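*Asks:* Starting from the two chains in their separate frames, assemble the complex, guided by the hints.
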Amino acid sequence: MSSDFVFTSESVSRGHPDKVCDQMSDALVSAFMVLDPDATVAAECAVSTGIVFVSVKAASDAAIDVPNAVRTELQQIGYDFGRFDAKTCTVMTSINRAPDGDRRRHEVAPDQMVARDQVTVFGYACDHTPELMPAPIVLAHRLARTYDRVRRGDLPYLCPDAKVQVGVLFENREPTRVHSVTVLASQRDDSVGSRRLREDIISGVIEPSFAEVELKTDDATRIAVNPEGAIIEGGPALHAGLTGRKNGVDCYGEFSRHSGAALSGKDPTRIDRIGAYAARWAAKNVVAARLARRCEVQLSYSIGLAAPVSVRVETFGTGQVSDDELLDRLRHAFDFRPGAILRAFDLRALFAKPDGPCRALGAYGHVGREELGVPWEAKDRVGALAKS
Amino acid sequence: MTAASTFSVRIHRRAGPGRTRFVVDELFRRPEVAPELEQRLARAPGVRSYGAPSPLTSRVLVLHDPGANLDAIAEALRTGSSEAATSGSPRAEGDAAADRRQARAPGPATGTPRTPWHARPLDEVLEALGGSLESGLSETEVESRRQRWGLNALPRPAPRSGLQIALEQLESLPVMVLGASAVASLATGGLLDAAMIAGVVAVNAAIGYRTESQSESVLSRLATGVQPGATVIRGGRRQVIAGEELVPGDLVCLERGAYVPADIRIASTEHLAIDESSLTGESDPVRKQTDPVGETVPLGERRSMAYRETVITGGSGLGIVVEIGTRTEVGLIRAMAHEAAPPQTSLQRQMGHLGRQVVVASAALCGGVLVLGLVRRFPALELVKTTISLAVAAIPEGLPTVATTTLALGVRDLEAQGVLVRRLGALESLGTLEAICLDKTGTLTRNQMEVSRLHLDGKRWDRSGEASTEEALGGSEMVRRLFTHATLCSTVTRADSGALDGSPTELALVRYGESLDLDVDALWSRHELELLEDRTKGRNFMKSVHIRSDGRRITSIKGRPDEVLDQCQHVVEAGGFAPLDEERRGQIYRENERMAGAALRVLGVAFEETDLTPGPTWIGLAGLYDPPRPGLAELMDDFHRAGIHTAMITGDQSATAQAIAYDIRLSTQETLEILDSTRIEEIDEEVLGSLARRVDVFSRVSPAHKLQIVTALQRSGLVVGMTGDGVNDGPALRAADVGIAMGRGGTDVARDIADIVLEEDDLSTLLFSVEQGRRIYDDIRKALRFMLSSNASEILVTASCMAAGVPPPLNAMQLLWINVLTDIFPELALSVEPPELDVMSRPPRPSRAPMFSRGDLGRIAGEGALLTLAGLVSYGLGLARYGPGPRASTLGFTSLTSAQLLHAISCRSEPHGIFDQALPRNRWVPLSVGGGLSMQVGASLVPGLRRLLGTVPLGVSDWLVCGVASVTPFLVNEFRKLLHEPPREVSS
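Protein chains in written order, with this note's numbering: chain A, 7 to 394; chain B, 1321 to 2308.
To be clear, the hints were calculated from the coordinates, so they are not data collected in a lab.
The structure displayed is predicted, hence computed values, not measured ones.
Where is the CB? At the ideal position from N, CA and C, for every residue including glycine.
Where hints are given, some of them may not hold.
[Stated by the list, open to error] Computed, partial: chain A to chain B, Cβ under 10 angstroms: (1) Phe11; (2) Thr14; (3) Leu41; (4) Lys93; (5) Arg204; (6) His245; (7) Ala294.
[As the list claims (entries may be wrong)] Pairs of lysine-lysine, DSS-like flavour, derived with a Cα cap of 25 angstroms: (8) B:Lys1857 <-> A:Lys359; (9) A:Lys93 <-> B:Lys1857; (10) A:Lys63 <-> A:Lys359; (11) A:Lys359 <-> A:Lys385.
[Stated by the list, open to error] The following label-pair restraints were derived from C-beta to C-beta distances: (12) B:Gly1895 <-> A:Lys393: 50 to 56 angstroms; (13) A:Asp352 <-> B:Gly1896: 30 to 36 angstroms; (14) B:Ser1835 <-> A:Glu377: 51 to 57 angstroms.
This is chain B alone, in the form it adopts within the complex (with noise of 0.2 angstroms):
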């Protein structure tokens, strides 16, 4: 530590609420004096996190409390005093500083030339950064070089704020167009047009705000990481330590499984492979060396270098710590991309692409109405305010709205049933979801013992069995002593809080006992224990002896059946005591092996007692196994049911693994494959790649090799879920398109790289989670179907009408009308439809199809022909009643929007129609259409209105016209529903 010095600080500026930049003089151009101001900041009272200080500037971002008293933290950076950070934050002070320590920002100061470390020998490096390849970097070395480096630490990026989000509303490509639109109105006197774009710029924004900033909370929620650790060698001594502790010259060992701490120059390696695509984007793991590369070649081709966050995936090294913190690559990535929003999912960027696609083509058409209008000779002024509102009507300025809620609402919906999504792309992977890799301990079982099977007296008894053997088991006066030596012969205590305390296996027997209602507690201490041996190396059982309160003496003895068996002369028959013959005793062991094949750990209980027993005496067989969770028979099906198979990942061997795949029905088919191999990695690519989507078990699995496994999945085609709660598991959980952690069993590495957590340990939850990311897949292409086909109508009738030399029935304002009420809230109330009630009897759909097929886009341009038909129909009916004019041309209009606003009833399902009753309620989608209809029935009631747009009040027959022709293409696409997908049957 460096003495105490005091600063010069004030306050900047303040950057907004909870911002605030302090400005250090002393920190000019003394880079040295950073991490003396990280350390006082990072005891400083109510700050959350803060900026790199920066030499340059002499300032520090620092974010903190929004009530947090500025002057109390310009003390600390002043003088360091941390006494009002003990006094000012109520929480503990751990936390805190674990919680700032994420956060901090330092390193060495930018600017400095770089050292192409991959380019220089080896001797060279450890010249420069003074390490030793055999004892590391000595203690106070590391402190010294801590002081000068900081700690090895990346920027966490701020959340944004909300004047940051509603400023991005106004960023996008529609609403820029708007804005031109509306400048543009304004320019050719349309005041009111203008105001009205205005209007529908300023909801859009509103509504996108509001989705976005509970978003933003949502997700920002998300990026709460845990640091991995890191093995290093310092003064020849071999540990680990958090992973931010490194310092440039530290000597670490690369160990299969684990996250590259720091960049780091390869010392020496033992087959090590890196999988590097978090920075290169290249999948196949690369080969790593010690000898020099070039200086000039690409960083995906320094194999003497290890970087920072990537994941070793083989083999094991040593390597010398040469960048750290910032100024590793990734570290110059994030600071060059200020990585503000996390990056979007495919889904977000496919609408995005989209949307620009919808804008050129509509802005393409409303060019070719324009051109058309003035070959047709309309009058000019009129003709550009009715193009540019047909642009505004035409522009998808909902979509990316429609996303980013939908997606939102699925992280809320998730973490409500106790999923935490950690990566908003995983939701999307959830949709397509064609197979998931379970982990047998800690997901199928709760690693805990039970008894399952008995066997006394040439019977058998069998727990799954029916009721009348359970009740019989209880009830037999031989179970009872079977239970009683059991648990006398056993080393399971009585805690001070009442529970048990035992090995699993000795804790399931006395827990059985006790649920025969055996005081287990009075038993021991009416048994004066005389005597314990337990086992040993040569010998698998254990013989207790005991003093019974009547003074009599009473030899238990529990273990491996056949030893125990040696050891009886007799055996427990009803009635009394037999003689052990050969034919007994064969029984007893087949009956072993029977139990030992169904997986089961079995046990054998034999007991003696003075003036009672012949001498030692056989009493039976106990059966354990860690039985698999309740309801995953039922979840199984669930999945298999949608389509996804379900594959079982185990260490054990397949006996045991077997055994739980029967029970929970793990396969879909009579047979049952298994692959039991310790050496996967051995087997050709292909071939496993070939064999891995028929396997229902993988047993003898090492945790490592889940990795070879879900790659070998995802070679043959599929989308694979897997799960995992060990450290082990991380390159798998990487590598799967849904790495899947437990939240309770699971360890924190595991749960920092996963892409969703349940934190129930609950799998019945991740079937819920497949559900919504089919939801929001679908509920995407149900508004962007709606969008698609009712921006065409707008379009489609006014061009129809130029080409034909009539005037479009749809002036300027109707246009921007028809705009707010069938683009905007229609569209929302789709994005958010719940999931249909068949969405789970359904295969997962192809991952690498694109959204709308050629049918589908055929289907939508049909839909939205009819919709145009509707509106040109009225149209024409009222022309050639009351000739051109504002009658005929508001039945136009009326019939046009009544039609696209019943035709998102159409869109809440492909296959389902009004006519089956397969669709779960939405509230949004009557109250957006009833809401509209009374609107547009208000358009030519109301006065007011009246004068806005143009229209006027309309007659009975009318009405009718209007009912007809809106009602009309809704009825048509209903039917044809009925007629094409006939609905399948739903099952609840």
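In isolation and in its complexed conformation, chain A is listed as follows (with noise of 0.2 angstroms):
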């Protein structure tokens, strides 16, 4: 491969649906979790013209009230107008109350806790950026962000739902320049024109996303603004959504590899979850140690084993020791098994806050975010891994 390419990553607002699935689903573990921390709870979303499929397996000694969490997340989400509205919109719950000894079951000694499902995570991380994100997706999110923010501001004619897509020039592997910026935004009708919209978002949204970072648009960037003609409404009033169809985004942008569970709608009893979560955490400390300028770390666990069956890292020649010393000083400075994750991260305490991270993670992704101050994104194992 050579090393000059455009890499693409796209992110989506919160008002895509497979992202406001995503949203509905840790909402509704947030909500579980809120009143009852022990709870165990898998959240499953769906949304299909006008009606909320949600599927809810929990157990806890609390109930909750589907519905009426699920219509607060949409109206946070921005879903108060038109076909789609939080208020009135149909919302079918399939509720499975697992018996409470799966709850006690996640209350014996962390050290003994078992993966109780199968699966390989990947974590990334290289030096794009300052969070340690690859540079196209950092972009996509600052851009589903901004488009976010000004309709609630500037631009109120715009709907929730958007997609935006950045393309960033790599040279000798280096992000050098922004080759191209797509963004499908929604509108409430078509009172708005193309070219208006196009001005509009080009001064709204792109030019304040890319304002704060190193890498610019510039004049041979291609922007691309609804190239398709207007999108009226958009959301699920026009096309369906599912949780955990946005790995992509939720991760790295396809820019590494990344695992094909969701990570939205679990407790964080799951191995799938949180095992992403530590995988990012300890690619991001091997870069913030200068171990390696790009790192990719992959955990495979199997149902009824606590320990992974397999860790590996790859540096992809970057690395400053070899990856086979690395996963040696890896294995000495974290603890892999779920049970030690869940400890390291304090994870049931960060889920039961009610304003804590557990919401906020529907959406730009839940790698990178350092606002959040979750413990993943800390580099606190950097000591542990240059010393040894």
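*Replies:* Here it is in structure tokens:
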């Protein structure tokens, strides 16, 4: 592969149906955890033509009003108008009350806690950006965030549903310039023409997004705004959504590998969620310790075993030490057993906070979120990695 | 009112007990006199109802108490004096007047040409009727129109008289064939045969008369309806009036969920859609419009009109009344159809149809036998007699009675259990019921609050928990303190009657305090209220300040937990007071959230007492809810065991619904499916149809949307029952296969529309109703199965002997005898079988399946063949031993009859035989079978009977043959049950 290339990553706004489902799922996990930090919850959502389907399996001594929690989240996302309205949409809920024994099972000592699912997860970090994330996805998330902000401010005619894509030109494997930006915005009606929309998006969304980052758009950057015409209303009224279908957006924008398992809608005992966090934590600390410029950590878990059956690390030739050496250091510095991860991150307490990060992770990615103060972004094992 | 004029009145004719025609000379060709006559009749003493006064004949039919003074009625008609009424009628005048108003049949004289209102432009209609689209008619105009046109009411069908019922017994096809046979017998010299046939007819008619007059009295009670109201604009004012007060020209508001009260020309519409199925049979609602339609379009397409007794299912609109009372379309239809009897149910129709089919088939078979006999050169006269008797024996004359009897008995049994049946067909639908939609408030709960959970001193007390916590809860001083202050800080008062009076929530708290032996009256009297700050818009708690008898000042606070908590700096703990630190606040706040999540209404209670507390001090949380009625969980289990899906419909938030659903075990699955929607009508019909089947709880549903749920379930192929109590439930109750109204909490309209009414609001009576519904169908099936197999055997015995060239064993008299013994009584006995014990642990039968499948018919044919064999084998043995003659014939006759009688026992149940003791007792079966058997034994012992029947005495070996021949088919059938269908386990 040539070392000069363009790489694109997409992100979506909070109102994108897939992301709506992710956020509703996490809102439900949070609602349970706030009332009962020991709860185990699996929440999955689907949304289609005005109907929200929710499936909740929970072992908890608390009960929550699922449709109400879902509607509140939809309201916050911004669906309070038009054909898909938080107040009037139909919510079809399947509630499965798992026996309380499921809940107690996790009250064993954390070190004895085994993986209850089989999964291979990946964590990645690189030195493109201060938060040690690939540049394309970071830029895409910035655009999505800005879109959501201006929608509530200067450009109220925009609807919550939007998709963005950022293409970054890499020269000699380093990001050098923004090659292209695509924004697919939705709007309330066709009173705003494509020309004004383009101007508004460029000045209101794209320019502010690149204001505080190194990589900028330039005259040669190809900017596309709704190239296929106006999208009226968008959202679940227009296309369906499903929890866990935006894993690339949740992780590294396809710049590295990521697991196929959804991250949202799962309580912190689920290894497919916290394993991905732990892998990111490890990879980030490797890059932060300047042991490599790019690092991918792979963890594989089998049902019934506590320790991962496989731990691998790949530095793509950027390592200061050999990958084998690095692996040894990782094994010493990190304990990847589920119970240990749970304890290291203090996840139950974290998820039980009413305004904690659990609800915020559903949009703009689960990794690289330094602003949330999540423990898997902490560079707290740099010393342990460096000295051994 | 017109000036009271004196009419010339005389009695024309007494049409029967309680029915008299009067002649009023002034009525002749003067329809305008009719309303005045009706008013006089309404006030006349002893008058129950009356027909429309006829200006053509100047007569009026009056139905009155049998002992009523006819002269007094005539006098009332003559002068309009109502003095006789008040003195003559002991009933409250209001009631009597209301009763009769129901019944009267006024309206303008018929015969005037009808105006095609649907084809007229709106302004023409307005011009013709003189109404206004803004302010409607003026009150004086209304009054004069009422004088002219009378009331907007339809005649109520008078109950059938006894004579009518008796005559109708003789009208059925089987009876007519029997009559013809009697005549034929007479013509061929068979006086005895004719007498016997006449006897059969008489017995049948007597039974039919008895059962039908019983059911008539049961059914006529069903029809006491309630007249829905109408919203009109009169004199610019919108008002709700009784539907019968409408006059032509009235401006009527048409609103979703209401009945159309008269024939109305649409004047404006806002998506107005009307279900006209009661009139046109078309189940899709019709969109209405204001533009006229063509003059010749059929009723179902007159979009510019709304017709009486149809139901508004969507939108709203305004309209002008164009026809009222008997001149409405439905009035005309009623008049044409002379609807005396309630419409037949599908089961009754099915039975009638089957009866005719059997008559035709038997006739064909008998014809075949006749031809066969002629070919074989049997003596002609004997042959004709035999054929006639064979036909008589084969005709299912008991059939129509069976359906009526079982249905009427069902109605009676249900009434005894507090279930009023208002439509006979509902009984059949009950038997096939596959899903029930249950209204939460009113049906599943009583709409009364109760304390369910407390949170004090960091501990949770759950009422539904174990007994020990309950005890600890009662004993704790802290709990008493909580309820003391909840009682002080309330607006509950003790009424003079001794009952507590107040809001549901406060009542629940005070009552719970009382249950902890708190003397609330003493509490109130010892604490003089100094100040009470009620809740305001921005403040969701209540505060009361009291001076206790010892002079201390005490403050009680009760209200929304977070706001009460904000007032407090300390908290009551075991052994004293502790400061409310962040951790304790957080814990209380979290517990509040949990209780709210569990659908509880949560209140925080705090207090302050001088020299005791360091300031406002938190006591604890109390969670209240509207609990489900007791026994519902077991009842749901019963419904589920019977294969009936249960769904709850509620306007509440889903948390409340969810909690109740778990409490009553609404879902059979591990998962609970909740459909939460305020706009069900916006869901795609097909999507809703496929979703609805799985849904356990429909939450946040407005009453108007219950209709959508019912039709969605029906679209998915289910037979649906629906409970309701409000006016808005009307369309859904009507659309449901079984509309179920609550008797106590329900509104009149709901009761009026519903198919059955649970008088005690007790859902377990619904389970009983389903059982009855299933029993009725089963019993009819049992009776039919018996009838088909036994009648077939008589024909087959005769036909096969003819075919073989052997003289048939049964002579004409014997055939008639068999008919009496086996056709009538065992069938009736089977039709009153109690429900089989496992009838409610079987899934509902498919509603559209025919009563007998091919397999069933095959089995029935097999049973018929076995009975035939019993008769033929013993006849054959007799022939071999004694040669042709009365002795062989008696053998065959006795065996066949006995085998048929025993077969009735087999027909008691399809899966269950005498070998498993799974059948409840039915004394009528042993009675009819035993009675029949002893009559049959008597037939060959009693000389008189011997002469009549042409039998001879039998020897011991002959009796043995008969015994074996008749018991064998019975045993074979019983063993076959053991082999083919092992009896399922019967749950007690």
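*Asks:* Lying within 30 to 36 angstroms: is that true of the beta-carbon distance Asp352 of chain A to Gly1896 of chain B?
*Replies:* Since the Cβ atoms of Asp352 of chain A and Gly1896 of chain B sit about 34 angstroms apart, the hinted range of 30 to 36 angstroms holds.
*Asks:* Min Cβ distance, Lys93 of chain A to chain B: is it shorter than 10 angstroms?
*Replies:* holds, 7 angstroms
*Asks:* Would you check whether Ala294 of chain A satisfies its interface hint, that is, whether its CB is within less than 10 angstroms of any CB in chain B?
*Replies:* With a closest approach of 35 angstroms, the Ala294 of chain A hint is violated.
*Asks:* Does Leu41 of chain A pass the interface hint, meaning its C-beta sits closer than 10 angstroms to a C-beta of chain B?
*Replies:* holds, 5 angstroms
*Asks:* Mind checking the CB of Thr14 of chain A against every CB in chain B and telling me if the closest is under 10 angstroms?
*Replies:* violated, 36 angstroms
*Asks:* Lys93 of chain A and Lys1857 of chain B: Cα distance at most 25 angstroms?
*Replies:* Within the cut-off at roughly 24 angstroms; holds.
*Asks:* Return holds or violated for the Cβ distance of Ser1835 of chain B and Glu377 of chain A against the range 51 to 57 angstroms.
*Replies:* At 54 angstroms between Cβs, range holds.
*Asks:* For the hint on Arg204 of chain A, just tell me whether its beta-carbon gets within less than 10 angstroms of chain B.
*Replies:* Violated - the Cβ of Arg204 of chain A stays beyond 10 angstroms from chain B, reaching only about 34 angstroms at its closest.
*Asks:* Can the suggested window of 50 to 56 angstroms be confirmed for the beta-carbon pair Gly1895 of chain B and Lys393 of chain A?
*Replies:* holds, 54 angstroms
*Asks:* Hey, Lys1857 of chain B versus Lys359 of chain A, does the alpha-carbon distance stay inside 25 angstroms?
*Replies:* With Cα atoms ~30 angstroms apart, Lys1857 of chain B and Lys359 of chain A exceed 25 angstroms; violated.
*Asks:* Given the proposed pairing of Lys63 of chain A with Lys359 of chain A, does the C-alpha separation stay at or below 25 angstroms?
*Replies:* Status holds; Cα separation ~21 angstroms.
*Asks:* Hint check: is the beta carbon of His245 of chain A less than 10 angstroms from a beta carbon of chain B?
*Replies:* violated, 16 angstroms
Checked against the numbered hints given earlier, the structure breaks hints 1, 2, 5, 6, 7 and 8 and satisfies all the rest.
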